[in-house]
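Chemist: Chain by chain, the residues run as shown.
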Amino acid sequence: MKEEKGHQADRRKFLVGMGIAGAAATATLASPALAVAGNRCETKWDQEHEVVIIGSGFAGLAAAIQAKRLGAKSVVIFEKMAVFGGNSAVNGGLFAAPNTALQKKEGVKDSPERMAADQAKAGRGIANEEQLLHVAKRANEALQMTIDAGAEYFPYLQQLGGHSVPRTYQTTVAVGSGITQPLLNECKKLGVRLVNRTKFESLIFDDKGKVVGAKIREGYYFGRGKEGSPVNVRAARGVLIATGGFARNVGLRSAQDPTLTAEVGSTNPPNATGEGLLELFNVGAVPVHMAHIQTGPWASADEDGFGYVSNYSIYNFAHSISVFPKTGRRFMNEIADRKTRADAQLQCRDDNGNPLPPVTITSYEHAKQHPTMKKVLKYGVGWKFDTVEDLAKHHNIPVKALKQQIEEYNGYVKKGVDEQFGKPMAKAKDKYLKAPFVTVRNWPKVHYCQGGALTDVEARVIDSSTWKPIPGLYAAGEVAGGMHGVSRLGSCSIPDCMVMGMTAAENMMKS
Amino acid sequence: MSYKKLMFAVLLVFIACTVQAQETLKQFDGIKGRSYHADFYDGKSCDSCHDSKKPLNLPADDACLSCHDLDDLIKATERAKDEMGQNPHNNMHFGKDVPCMECHGEHQPREHMCQGCHSFKYKKFKQ
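Residue numbers (full-length UniProt numbering), protein chains in the order written: chain A, 1 to 511; chain B, 1 to 127.
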């Protein structure tokens with residue numbers, strides 16, 4: 001059936017063909033080995049579940065738990081990889097929510113409206129404000145679901161960039177697996193069927209255009225050339241696509257944004273390739289905001305993934321300088337918004353046009369305040385120097401120019417005004433740059449895809465030909481697009497994933 | 001110990017270190033395998049791990065655990081307190097749920113999974 005995919009007209013024929021088989025299959029579900037005579041698309045159902053979820057990140061796990069709590073008898077999660085959790089298991093574990101217990105304790109005045117407004121501002125006019133408000137209203141409930149499952153958070157709030165008040169929780173392990181692991185345990189307790197090494201291939205429709213199942217490849221071994229064998233899985237109440245973004249699909253992302261070539265890494269694991277999203281487009285979903293792909297300017301050229309340098313740089317940028325090695329000069333405001341910085345970093349190139357990652361220089365006495373510095377040095381992704389000469393020699397920076405730059409910058413620290421790039425200097429107060437120094441080499445990495453398939457506030461996937469929800473089909477998390485607009489604020493993805501996953505499950509259980 | 005002997009010993013250690021990575025991967029009759037699993041190859045007992053004598057598929061994710069005890073493995077690879085989450089058999093991201101084959105190759109060298117993002121050194125890990 002694969003050859004019939006890929007073209008809309010062919011796909012419609014495919015739907016009709018599948019519809020006949022699908023309808024027959026539904027009628028005779030009791031007979032497991034079903035073959036429809038006289039139809040070119042003979043379908044038999046190999047499995048049946050009430051709720052079928054593709055992907056085991058925050059959205060999929062929250063949906064499974066919610067479906068079970070609402071009485072679903074059979075819920076299955078299919079995960080492409082050997083391990084569960086997807087990109088969620090390696091993210092920063094930051095969870096923004098308004099009106100929480102910690103805000104009450106710290107005396108922070110907040111509201112769902114305020115959180116949504118902060119996000120809409122970063123979305124620069126194209127965010128989906130109805131969805132933002134929906135998520136903000138239920139974020140605390142989602143947070144509670146993780147706490148009930150056993151997630152542990154630092155006993156204080158953080159105020160991340162773009163948020164007008166402190167409202168961000170962080171797991172005590174400072175990683176998203178501090179949430180995915182407890183949610184997985186909860187799923188096991190509730191009897192959710194978790195199947196690894198199973199790759200979603202396509203959706204199966206009935207003759208009315210309703211999604212009634214999915215074709216799944218069992219025994220799929222990622223990266224080993226083992227594609228597995230397809231099985232048809234019937235979904236009595238619906239299919240939730242919770243497959244995440246496409247940060248690791250270089251072809252797809254550079255088609256949207258030509259600056260995101262293979263030389264730009266990603267904080268996501270290699271499996272963030274977006275096939276689930278492409279299948280949604282195949283069946284007529286509306287692509288939205290696909291070119292808005294967020295890169296993290298705090299990432300490192302010297303390690304893969306999110307690594308250690310990301311959290312190190314996020315903490316240190318405010319009191320550090322980033323210099324272009326060729327000139328020894330600064331080239332950006334080190335705490336500008338993510339996009340401004342990443343664009344400036346990508347301009348740092350050698351004479352042949354190859355990446356020449358900028359060097360971020362921090363005084364050792366300030367860098368050591370954050371626990372990540374030890375790891376950065378231990379694992380060779382950062383360096384410590386006793387003199388500016390040693391630093392310049394190691395990174396091949398003209399020493400005279402660098403000394404001059406450091407002197408100028410220290411003048412800005414003294415004045416409290418950055419005359420070069422207008423960086424807010426409040427957090428750099430009294431933090432002069434002086435030896436010994438610690439350095440890292442930053443290079444932006446693709447972090448998050450704001451774009452995806454258009455969904456409504458009920459997590460239903462919208463059909464581009466009818467502008468109505470495709471019956472039986474839901475999408476939640478990064479695979480869904482449009483909620484955040486131009487720029488997603490840090491710590492706002494986890495509530496998005498969790499709440500929309502819960503919402504999808506509730507709607508499935510109503511169906 | 002004479003200087004010559006000392007240098008020889010140093011050389012041996014050097015060689016041992018450089019080949020250590022794959023030193024347990026041996027050529028058996030028709031297939032490579034780990035020296036410590038030599039018994040399996042003597043009797044061609046592929047079904048010790050695979051589901052049949054003539055395997056078509058990779059073994060089940062928990063195949064190794066029919067002989068190896070997970071709790072023992074966790075203990076053997078314990079890390080210092082501030083790096084507890086780096087224990088490959090019970091790690092921060094995926095707990096105890098990483099299938100053995102994601103890091104260990106029986107018939108071919110394999111890099112461990114953490115390598116994708118981290119440069120942790122696992123001294124006893126046999127590539």
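Please keep in mind that the hints were generated in silico from the structure rather than gathered at the bench.
Mixed in with the good hints there might be a few duds.
What the hints assert, rightly or not - What the simulated footprint calls covered on chain A by chain B, stretch by stretch (three residues with Cβ under 8 Å from a Cβ of chain B suffice, anywhere in the stretch; the number is not a length):
{"hint": "1", "region": "84 to 94"}
{"hint": "2", "region": "410 to 421"}
Said to hold, decoys possible - Only pairs whose alpha carbons sit at most 25 Å apart, straight line, appear in this in silico DSS-like list of lysine-lysine:
{"hint": "3", "chain 1": "B", "residue 1": "Lys53", "chain 2": "A", "residue 2": "Lys374"}
{"hint": "4", "chain 1": "B", "residue 1": "Lys123", "chain 2": "A", "residue 2": "Lys189"}
{"hint": "5", "chain 1": "B", "residue 1": "Lys96", "chain 2": "A", "residue 2": "Lys188"}
{"hint": "6", "chain 1": "B", "residue 1": "Lys75", "chain 2": "A", "residue 2": "Lys378"}
{"hint": "7", "chain 1": "B", "residue 1": "Lys96", "chain 2": "A", "residue 2": "Lys375"}
{"hint": "8", "chain 1": "A", "residue 1": "Lys375", "chain 2": "B", "residue 2": "Lys32"}
{"hint": "9", "chain 1": "A", "residue 1": "Lys368", "chain 2": "B", "residue 2": "Lys75"}
{"hint": "10", "chain 1": "A", "residue 1": "Lys368", "chain 2": "B", "residue 2": "Lys53"}
{"hint": "11", "chain 1": "A", "residue 1": "Lys374", "chain 2": "B", "residue 2": "Lys26"}
{"hint": "12", "chain 1": "B", "residue 1": "Lys123", "chain 2": "A", "residue 2": "Lys378"}
{"hint": "13", "chain 1": "B", "residue 1": "Lys32", "chain 2": "A", "residue 2": "Lys378"}
{"hint": "14", "chain 1": "B", "residue 1": "Lys75", "chain 2": "A", "residue 2": "Lys375"}
{"hint": "15", "chain 1": "B", "residue 1": "Lys81", "chain 2": "A", "residue 2": "Lys375"}
{"hint": "16", "chain 1": "A", "residue 1": "Lys378", "chain 2": "B", "residue 2": "Lys53"}
{"hint": "17", "chain 1": "B", "residue 1": "Lys54", "chain 2": "A", "residue 2": "Lys375"}
{"hint": "18", "chain 1": "A", "residue 1": "Lys374", "chain 2": "B", "residue 2": "Lys32"}
{"hint": "19", "chain 1": "B", "residue 1": "Lys53", "chain 2": "A", "residue 2": "Lys384"}
{"hint": "20", "chain 1": "A", "residue 1": "Lys226", "chain 2": "B", "residue 2": "Lys32"}
{"hint": "21", "chain 1": "A", "residue 1": "Lys73", "chain 2": "A", "residue 2": "Lys510"}
{"hint": "22", "chain 1": "B", "residue 1": "Lys53", "chain 2": "A", "residue 2": "Lys226"}
Glycine residues also receive a C-beta, built at the ideal position from the N, C-alpha and C atoms.
Chemist: Kindly indicate which numbered hints from before are broken by the structure, ordering the numbers from low to high.
Modeler: Of the numbered hints given earlier, those the structure breaks are 2, 3, 4, 8, 9, 10, 11, 13, 16, 17, 18 and 19, listed in rising order.
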